[in-house]
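J.: Taken in sequence, the protein lines are chains P and X.
All letters in the first sequence, in the order written, are residues 8 to 594 by the numbering used here.
All letters in the second sequence, in the order written, are residues 10 to 221 by the numbering used here.
Honestly, the hints are just simulated from the structure, not real lab data.
A virtual CB, placed ideally from N, CA and C, is assigned to each residue, including glycine.
Honestly, I wouldn't trust all of these hints.
To be verified - The calculated lysine to aspartate or glutamate pairs, modelled on EDC-like cross-linking and capped at a C-alpha distance of 20 angstroms, are:
1. Lys-324/P to Asp-78/X
2. Lys-11/P to Asp-190/X
3. Lys-45/X to Asp-322/P
4. Lys-324/P to Asp-76/X
5. Lys-140/X to Glu-22/P
6. Lys-23/P to Asp-195/X
7. Lys-162/X to Asp-177/X
8. Lys-13/P to Asp-19/X
9. Lys-105/P to Asp-177/X
10. Lys-23/P to Asp-129/X
What the hints assert, rightly or not - Across the chosen pairs, the derived CB separations fall in these ranges:
11. Ser-220/X to Pro-106/P: 42 to 52 angstroms
12. Gln-524/P to Gly-142/X: 45 to 55 angstroms
13. Ser-476/P to Gly-142/X: 20 to 30 angstroms
14. Ala-124/X to Glu-296/P: 45 to 55 angstroms
15. Glu-83/X to Thr-103/P: 32 to 42 angstroms
16. Gly-188/X to Glu-12/P: 17 to 27 angstroms
17. Lys-39/P to Asp-205/X: 27 to 37 angstroms
18. Glu-83/X to Ser-350/P: 32 to 42 angstroms
19. Arg-414/P to Phe-50/X: 27 to 37 angstroms
20. Lys-13/P to Gly-133/X: 28 to 38 angstroms
21. Asn-377/P to Asp-78/X: 51 to 61 angstroms
The lines below spell out each chain.
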Amino acid sequence: MDIKEKFERILSEVEKPARYCGGEWNTPDVKKPHRADMCFCFPELYEIGMSNLGVQILYDIVNKDDDFVAERCYAPGLDLAAKLKENNIPLLSLETRKPLKDFAVLGFSIGFELLYTNVLYMLDLAGIPFYASQRGEEYPILLAGGPCTVNPEPFADFFDVIVCGEGEEADINLLRAVADGKDKGLSKAEILQLVNGMEGIYVPSLHKDGETVKKAIVRDFENASFPSRPLVPNIEAVHDRAVVELYRGCGSGCRFCQAGFWYRPIRERSAQRCARLGMDMINSAGFGEMSLCSLSTGDYTHLEELENILVPFCDEKRVNLALPSLRISSFSSDMVRQSRRSSLTFAPEAGTQRLRNVINKNVTDEEIDNLAGAFEAGYDSIKLYFMLGLPTETDEDIAGIAEICKRLKGLYYLKRHKRGLNISVSCAVFIPKPCTPFQWEAQISFEEMLRRQSYLRGLLREIKGVTFSWHGAETSVLEAALARGDRRQSAVIERAYRLGARFDAWTEQFKWELWTQAFADCGLSVDDYIRERGTDEALPWDFIDTGVSKKYLLKERALGYKEITTKNCREGCNACGANKFGKCTIY
Amino acid sequence: MVVLKHVKRDSACFISHIDMLRHVSRILRRAGIPVKFSQGFNPHALVFFSPPLAVGVSSDSEYLAIDTDMPKDEVMERYNRAVPYTISAEKAFACEKNPNLQAKIIAADYIFDVAFAPLDFSGGFEIEYTKKGETVKENVSDRIINAFDVDGKLCMRLANGNSSLRPDRILGELNRRLGSDLRVTDVKKIAQYVDDSGLTVAVDEFLTESSK
Ligand code: SF4
Numbered sequence: 008m009d010i011k012e013k014f015e016r017i018l019s020e021v022e023k024p025a026r027y028c029g030g031e032w033n034t035p036d037v038k039k040p041h042r043a044d045m046c047f048c049f050p051e052l053y054e055i056g057m058s059n060l061g062v063q064i065l066y067d068i069v070n071k072d073d074d075f076v077a078e079r080c081y082a083p084g085l086d087l088a089a090k091l092k093e094n095n096i097p098l099l100s101l102e103t104r105k106p107l108k109d110f111a112v113l114g115f116s117i118g119f120e121l122l123y124t125n126v127l128y129m130l131d132l133a134g135i136p137f138y139a140s141q142r143g144e145e146y147p148i149l150l151a152g153g154p155c156t157v158n159p160e161p162f163a164d165f166f167d168v169i170v171c172g173e174g175e176e177a178d179i180n181l182l183r184a185v186a187d188g189k190d191k192g193l194s195k196a197e198i199l200q201l202v203n204g205m206e207g208i209y210v211p212s213l214h215k216d217g218e219t220v221k222k223a224i225v226r227d228f229e230n231a232s233f234p235s236r237p238l239v240p241n242i243e244a245v246h247d248r249a250v251v252e253l254y255r256g257c258g259s260g261c262r263f264c265q266a267g268f269w270y271r272p273i274r275e276r277s278a279q280r281c282a283r284l285g286m287d288m289i290n291s292a293g294f295g296e297m298s299l300c301s302l303s304t305g306d307y308t309h310l311e312e313l314e315n316i317l318v319p320f321c322d323e324k325r326v327n328l329a330l331p332s333l334r335i336s337s338f339s340s341d342m343v344r345q346s347r348r349s350s351l352t353f354a355p356e357a358g359t360q361r362l363r364n365v366i367n368k369n370v371t372d373e374e375i376d377n378l379a380g381a382f383e384a385g386y387d388s389i390k391l392y393f394m395l396g397l398p399t400e401t402d403e404d405i406a407g408i409a410e411i412c413k414r415l416k417g418l419y420y421l422k423r424h425k426r427g428l429n430i431s432v433s434c435a436v437f438i439p440k441p442c443t444p445f446q447w448e449a450q451i452s453f454e455e456m457l458r459r460q461s462y463l464r465g466l467l468r469e470i471k472g473v474t475f476s477w478h479g480a481e482t483s484v485l486e487a488a489l490a491r492g493d494r495r496q497s498a499v500i501e502r503a504y505r506l507g508a509r510f511d512a513w514t515e516q517f518k519w520e521l522w523t524q525a526f527a528d529c530g531l532s533v534d535d536y537i538r539e540r541g542t543d544e545a546l547p548w549d550f551i552d553t554g555v556s557k558k559y560l561l562k563e564r565a566l567g568y569k570e571i572t573t574k575n576c577r578e579g580c581n582a583c584g585a586n587k588f589g590k591c592t593i594y
Numbered sequence: 010m011v012v013l014k015h016v017k018r019d020s021a022c023f024i025s026h027i028d029m030l031r032h033v034s035r036i037l038r039r040a041g042i043p044v045k046f047s048q049g050f051n052p053h054a055l056v057f058f059s060p061p062l063a064v065g066v067s068s069d070s071e072y073l074a075i076d077t078d079m080p081k082d083e084v085m086e087r088y089n090r091a092v093p094y095t096i097s098a099e100k101a102f103a104c105e106k107n108p109n110l111q112a113k114i115i116a117a118d119y120i121f122d123v124a125f126a127p128l129d130f131s132g133g134f135e136i137e138y139t140k141k142g143e144t145v146k147e148n149v150s151d152r153i154i155n156a157f158d159v160d161g162k163l164c165m166r167l168a169n170g171n172s173s174l175r176p177d178r179i180l181g182e183l184n185r186r187l188g189s190d191l192r193v194t195d196v197k198k199i200a201q202y203v204d205d206s207g208l209t210v211a212v213d214e215f216l217t218e219s220s221k
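Using the sequences and the accompanying hints, generate a full structural model.
T.: What follows is the structure, encoded as structure tokens:
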């Protein structure tokens with residue numbers, strides 16, 4: 008029996024076998040003649056990975072190129088992993104069931120710190136050594152990309168190449184270099200020499216102190232390739248819908264938000280192009296839902312023009328048009344009336360105006376009052392997102408969260424009397440992230456997290472109709488430690504994996520004691536990573552040129568401490584520096 | 010109303026019934042087949058299915074009833090352009106109204122990938138399976154209508170619809186009796202039957218009759 012047959016036989020013994028079957032509608036031809044092939048590896052389950060827009064975009068770009076093909080592989084569930092090991096079957100690609108180690112390039116998409124062990128989990132199943140230094144010519148070139156490349160140091164030792172920033176152009180350039188190198192009979196080391204220094208390309212083994220890596224960005228975002236024939240997941244995915252990316256970057260300048268700074272400069276697509284993409288996606292895939300996605304969708308310059316095209320189209324096709332990341336300041340009750348959603352979501356992030364000024368979340372109390380319009384329009388439930396442990400936070404700020412809930416209830420009763428208002432409060436813990444004005448901040452201690460959570464829980468318990476949920480304190484500490492980690496953490500991640508850590512993002516799988524042991528075994532301490540960093544200290548990610556200058560970040564941090572806000576870029580440029588990579592197209 | 014008879018083969022056998030429902034709404038949308046919707050607060054597409062198929066079992070005989078005014082041949086052509094070959098349609102029937110197959114279907118034939126051998130049900134047919142974490146033991150011989158030879162392979166007609174017997178659940182006992190190693194993927198549904206005024210009639214025949 009060959010590997011494929013063996014694999015097919017075990018499929019009927021695992022949970023949700025359709026995860027591993029491929030053959031999705033709109034799958035491109037991956038059997039066409041090609042110069043080089045790659046496999047996108049996503050270190051999470053199929054239903055999560057299929058919802059990732061970044062991978063869909065890159066997969067589409069590579070397959071549209073005459074010279075290359077791309078396949079996919081998602082982290083298998085633990086049940087399948089056990090069966091693969093038991094039957095001696097290496098991890099296979101989804102489309103042609105080819106062993107991962109037979110590809111020219113493997114591209115891991117890393118979007119979240121708690122996925123680091125899953126990279127090793129997949130390599131382990133694929134029979135590929137973890138460290139770049141341990142892999143000879145017989146192994147593929149391992150590539151990492153995705154949002155976590157803002158600080159790639161914790162996983163740098165595992166990869167041959169890391170694409171920092173946006174992969175749209177960098178991935179293809181890299182594949183071309185690999186194909187050219189192979190044609191010329193170059194060794195892996197020689198190919199790496201060639202690609203080192205290309206825009207956005209970081210080769211950890213060749214990097215010298217003092218060198219900078221410029222993050223890769225898409226310059227012509229208007230015309231950038233977008234999957235207008237998206238894959239239709241075999242089983243229900245987390246986000247089963249057509250997603251239109253309206254713009255990249257964000258002008259809000261929330262001081263805790265990594266994506267807001269990392270994806271600058273701000274590049275918008277025209278309403279015409281966005282509408283065309285959205286309609287093509289619905290027509291080719293048939294999704295029943297379309298969402299307009301960007302960091303602050305309501306801020307999009309051409310939102311009205313876009314809605315004027317999409318609303319009638321979606322009505323006719325019976326497609327639900329969703330606007331999920333609506334910010335309060337861009338809130339208009341008209342918009343709410345048009346969408347058919349039953350629950351509002353808002354993210355004031357902090358309970359008081361004072362703290363919102365610190366973090367530059369430009370949402371005012373009056374804007375919260377505007378929600379009355381939504382209640383009038385028929386909404387009976389609202390989800391509120393906050394963060395605990397923000398810099399300068401006091402108990403008064405926490406009490407402010409309860410005050411907002413009370414205020415909303417009051418507004419609701421003025422407008423409607425029938426049912427009660429359901430408020431769900433969800434609290435994350437503040438995580439200081441690289442490439443933000445708060446990148447130097449300490450994270451509050453574990454004990455303090457628990458204290459603040461229980462204080463807030465007590466206050467909310469007294470208000471009828473409010474439910475409270477919060478993120479696990481331990482996972483927040485780990486996320487913070489890894490987000491600002493350095494090279495020494497590769498050993499910690501490996502150790503944690505060997506001890507049994509994997510699927511750390513899943514509450515039922517997460518085992519904190521494995522991580523504390525892994526840090527200790529490597530002679531490191533978690534506390535050292537979540538402490539405040541000195542402004543004169545060299546930070547592990549300093550070598551990446553994100554466009555936004557360190558000086559600007561420091562200035563923003565100082566303004567934060569003075570509780571002074573910075574205006575939205577849409578009202579005028581704040582000179583962060585990112586436009587050296589290209590113009591911000593928002594005026 | 011148009012009824013399509015479609016297959017579910019190869020990897021599509023792993024698509025659950027619930028996921029199938031979701032897929033069909035997208036297929037109809039991208040195929041451009043206009044479907045009528047129910048009235049009321051939460052309108053839903055008027056699409057009806059034959060009884061669910063167990064995950065892993067393939068089929069040559071699934072039915073999908075669509076409330077539409079489009080001619081049946083065009084429906085089938087558009088449907089087939091919008092689906093992978095693994096769930097393609099092979100026949101289309103026009104019906105006056107919803108044939109309500111979900112309720113009318115009483116039996117289905119399954120072919121098992123094993124050489125035919127006579128089976129004796131006179132002493133009962135005791136099976137064991139887990140349901141919601143609990144082991145269930147039951148005698149199901151009353152829901153085994155028949156076992157016969159089709160091209161040298163074992164074929165069984167099992168109760169389907171309201172009181173149904175899932176073919177995957179009898180595999181353990183079949184393997185024990187036949188000394189075989191059948192898996193759920195070795196089973197294929199090849200026909201379904203309705204109760205038409207007391208007579209057992211193949212669905213294709215029933216739909217052809219009712220479309221006249
Ligand atoms: S360059 Fe100016 S407009 Fe562009 S993101 Fe920076 S501050 Fe905002």
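J.: All the hints need checking, so say for each whether the structure fits it.
T.: So, going through the hints one by one against the coordinates:
Distance check on the hinted pair: Lys-324/P and Asp-78/X sit about 17 angstroms apart at the alpha-carbon level, within 20 angstroms; holds. Annotation: proposed proximity of Lys-11/P to Asp-190/X holds, straight-line Cα distance about 19 angstroms (limit 20 angstroms). Simply put, Lys-45/X and Asp-322/P have alpha-carbon atoms about 14 angstroms apart, close enough for the 20 angstroms limit, and the pair holds. Distance check on the hinted pair: Lys-324/P and Asp-76/X sit about 16 angstroms apart at the alpha-carbon level, within 20 angstroms; holds.
For the proposed pair Lys-140/X and Glu-22/P, the alpha carbon gap of about 15 angstroms is at most 20 angstroms, so the pair holds. A hinted pair counts as satisfied when its Cα atoms are at most 20 angstroms apart, and Lys-23/P with Asp-195/X qualifies at roughly 18 angstroms. Distance hint between Lys-162/X and Asp-177/X is fulfilled; the C-alpha atoms sit about 17 angstroms from each other, no more than 20 angstroms. For the given pair, Lys-13/P sits about 15 angstroms from Asp-19/X by alpha-carbon distance, which is consistent with the 20 angstroms threshold.
Between Lys-105/P and Asp-177/X the alpha-carbon distance is near 30 angstroms, which puts this suggested pair outside the 20 angstroms criterion. Distance check on the hinted pair: Lys-23/P and Asp-129/X sit about 35 angstroms apart at the alpha-carbon level, beyond 20 angstroms; violated. Between Ser-220/X and Pro-106/P the beta carbons are some 51 angstroms apart, a value that agrees with the proposed interval 42 to 52 angstroms. For Gln-524/P paired with Gly-142/X, a C-beta distance near 33 angstroms fails the hint of 45 to 55 angstroms.
The hint said 20 to 30 angstroms for the Cβ distance between Ser-476/P and Gly-142/X, and at roughly 27 angstroms that hint holds. Look at Ala-124/X against Glu-296/P: about 49 angstroms separates their beta carbons, and that is inside 45 to 55 angstroms. A hinted range of 32 to 42 angstroms holds for the C-beta pair Glu-83/X and Thr-103/P, which are about 35 angstroms apart. One distance hint, 17 to 27 angstroms for the beta-carbon pair Gly-188/X and Glu-12/P, holds here, with the actual separation near 22 angstroms.
Checked against the hint of 27 to 37 angstroms, the C-beta distance between Lys-39/P and Asp-205/X comes to roughly 50 angstroms, which is inconsistent with it. Evaluation of the 32 to 42 angstroms hint for Glu-83/X and Ser-350/P yields a pass: the beta carbon distance comes to about 40 angstroms. In this structure the supplied range 27 to 37 angstroms holds for Arg-414/P paired with Phe-50/X, their Cβ-Cβ distance being about 31 angstroms. For the pair Lys-13/P and Gly-133/X, the supplied restraint of 28 to 38 angstroms holds, since their beta-carbon distance comes to about 36 angstroms.
Taking 51 to 61 angstroms as the suggested C-beta distance range, the pair Asn-377/P and Asp-78/X does not conform, at roughly 45 angstroms.
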